[in-house]
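Chemist: Listed below, chain by chain, are the residues.
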Amino acid sequence: MNVEHWGLAVAFVVLGPLLGALLAGLDRRLTARMQSRQGPPLLQPIYDVLKLFEKDTVVVTELQTLYLWGFLFFMVISGFILFLGSDLLLSLFALTVSGIFLCLAAYSTNSPYSNIGSSRELLLMMAYEPMLIIVALGFFLVADSFRVSDIVAGSPWQVVQLFGILLGFLFILTIKLRKSPFDLSSSHHGHQELVKGITTDLSGSDLALVEIGHWYENTILLGWLYLFFAPWGVALALPIALVLFFAEVLVDNTHARLKWATTLKATWVVTGLFGVTNLMLLPLIT
Amino acid sequence: MSFLKKSPWILHYAATSCNGCDIELLACLTPLYDVERFGIVNTGNPKHADIFLVTGSVNEESRKVVENLYAQMPDPKAVVAIGACALSGGIFRDAYNVYGGIDQVIPVDVYVPGCAARPESIIDGIVQALAILEERARDRKRQRKVVAS
Numbered sequence: 145m146n147v148e149h150w151g152l153a154v155a156f157v158v159l160g161p162l163l164g165a166l167l168a169g170l171d172r173r174l175t176a177r178m179q180s181r182q183g184p185p186l187l188q189p190i191y192d193v194l195k196l197f198e199k200d201t202v203v204v205t206e207l208q209t210l211y212l213w214g215f216l217f218f219m220v221i222s223g224f225i226l227f228l229g230s231d232l233l234l235s236l237f238a239l240t241v242s243g244i245f246l247c248l249a250a251y252s253t254n255s256p257y258s259n260i261g262s263s264r265e266l267l268l269m270m271a272y273e274p275m276l277i278i279v280a281l282g283f284f285l286v287a288d289s290f291r292v293s294d295i296v297a298g299s300p301w302q303v304v305q306l307f308g309i310l311l312g313f314l315f316i317l318t319i320k321l322r323k324s325p326f327d328l329s330s331s332h333h334g335h336q337e338l339v340k341g342i343t344t345d346l347s348g349s350d351l352a353l354v355e356i357g358h359w360y361e362n363t364i365l366l367g368w369l370y371l372f373f374a375p376w377g378v379a380l381a382l383p384i385a386l387v388l389f390f391a392e393v394l395v396d397n398t399h400a401r402l403k404w405a406t407t408l409k410a411t412w413v414v415t416g417l418f419g420v421t422n423l424m425l426l427p428l429i430t
Numbered sequence: 038m039s040f041l042k043k044s045p046w047i048l049h050y051a052a053t054s055c056n057g058c059d060i061e062l063l064a065c066l067t068p069l070y071d072v073e074r075f076g077i078v079n080t081g082n083p084k085h086a087d088i089f090l091v092t093g094s095v096n097e098e099s100r101k102v103v104e105n106l107y108a109q110m111p112d113p114k115a116v117v118a119i120g121a122c123a124l125s126g127g128i129f130r131d132a133y134n135v136y137g138g139i140d141q142v143i144p145v146d147v148y149v150p151g152c153a154a155r156p157e158s159i160i161d162g163i164v165q166a167l168a169i170l171e172e173r174a175r176d177r178k179r180q181r182k183v184v185a186s
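Chains as they are written, first to last, in this note's numbering: chain A, 145 to 430; chain B, 38 to 186.
So that you can see chain A by itself, here it is in the shape it has in the complex (with noise of 0.2 Å):
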């Protein structure tokens, strides 16, 4: 663990967010643009957490603004971990405890919506739980090491031993980024049958946290994104993870929401199909 990797680790922590948010700015712009509209401007995520922090904090019970931070500050050391080119199981099973805070938040609140919303939550992590275990399994086993830094510093090849994996994990990205068809806990967009899902009972600042997870959150799975592609390079890896990143912008745009029995039926048979069909055939490939 040298110098370099506690600089990216702390530059996580502090600049992190920023490119969460510039990623959210130009998801939004990209869907308006999808929708022949100009769209917000880029910073527009910004403007919106700064205007929580003037609002009113409307506060149902005073657990949700503890337990939101926890949500905040588990997504952070999860990053953190991360990025530091720690152990990858430990920063996935932080990023899991960041999101069973989140859906306490959301139980404490008592409205009906949230918690719908947090039900949902907590039957998404069932469905794409697996395929992220599988995920760090796959790089074990063609790494041979769960720590970040020697994933990184992997064979050339790792994607393509990995490809099933990687068609996996982009399928349960779709669900971590909250886009459709399986945006059930929660929606961007407003006339939902649940309202906001989770966030229905938070407001003011309690929100601005939210979206400042959110924002960490982005910017963790780009980071997991480009684990794929890491042994690349930066030049080549990084507009890959990108491309990849905004090409679920283009789902979200074309698909229409699912029910929840669809969505844990459908991830758990990619998870099947791809991860566990993959992690199989991998003794054979490596």
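In short, the hints are calculated from the structure, not lab data. Possibly wrong hints are sitting among the right ones.
As the list claims (entries may be wrong) - A few chain A residues facing chain B, derived, Cβ under 10 Å:
| hint | residue |
| --- | --- |
| 1 | 182 |
| 2 | 184 |
| 3 | 346 |
| 4 | 427 |
As the list claims (entries may be wrong) - Here are a few chain B residues that sit away from chain A, every Cβ distance over 12 Å (derived from the structure):
| hint | residue |
| --- | --- |
| 5 | 55 |
| 6 | 60 |
| 7 | 101 |
| 8 | 130 |
| 9 | 131 |
| 10 | 135 |
| 11 | 136 |
| 12 | 138 |
| 13 | 145 |
| 14 | 152 |
| 15 | 161 |
| 16 | 164 |
| 17 | 169 |
| 18 | 178 |
| 19 | 186 |
Claimed, not checked - Derived lysine to any residue pairs resembling SDA-like cross-links, with alpha carbons at most 20 Å apart:
| hint | chain 1 | residue 1 | chain 2 | residue 2 |
| --- | --- | --- | --- | --- |
| 20 | B | 42 | A | 177 |
| 21 | B | 182 | A | 181 |
| 22 | B | 43 | A | 181 |
Because the structure is a prediction, the values reported are computed rather than measured. Virtual Cβ for every residue (Gly too), placed ideally from N, Cα, C.
Fit chain B to the given chain A structure using the hints.
Modeler: This is chain B only, laid out in the frame that chain A set:
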């Protein structure tokens, strides 16, 4: 400068309207007018909203909803009444079941006339509400400082 001006989130409620104004209001979100250019988002959730847009001549049934939604919005907030019915009751003014104007129920900041109100005038109404919203944000900041000290 207040960031409320750069990202006003709206909440839309049709208080017994004929849906004429509502269609014009939703037209503002379409590619032709695209109010998201100004950061305006239709939230559908009172706890996230900054500007409350109400259409229709409010009656006893919708009065409760209007009051409830207004109470659930966190300060600073502004209310825009859209269309002839929301301003005064319009052609339904003399009907026995109608209150005749949103300002009979909650305080209204901006009145947008028309039957139905044009999308251009609705956007103009929202822009005028932004100035009021900014002033309220300043007041609210001062109030918070007084409470803190």
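Chemist: Now tell me if each hint is right for this structure.
Modeler: Okay, the hints, checked on the actual structure:
no., hint, in the structure
1, 182, "5 Å, holds"
2, 184, "5 Å, holds"
3, 346, "7 Å, holds"
4, 427, "50 Å, violated"
5, 55, "20 Å, holds"
6, 60, "14 Å, holds"
7, 101, "18 Å, holds"
8, 130, "30 Å, holds"
9, 131, "34 Å, holds"
10, 135, "27 Å, holds"
11, 136, "26 Å, holds"
12, 138, "26 Å, holds"
13, 145, "20 Å, holds"
14, 152, "25 Å, holds"
15, 161, "19 Å, holds"
16, 164, "16 Å, holds"
17, 169, "15 Å, holds"
18, 178, "8 Å, violated"
19, 186, "18 Å, holds"
20, 42/B - 177/A, "23 Å, violated"
21, 182/B - 181/A, "41 Å, violated"
22, 43/B - 181/A, "18 Å, holds"
Of the numbered hints listed earlier, those contradicted by the structure are 4, 18, 20, 21.
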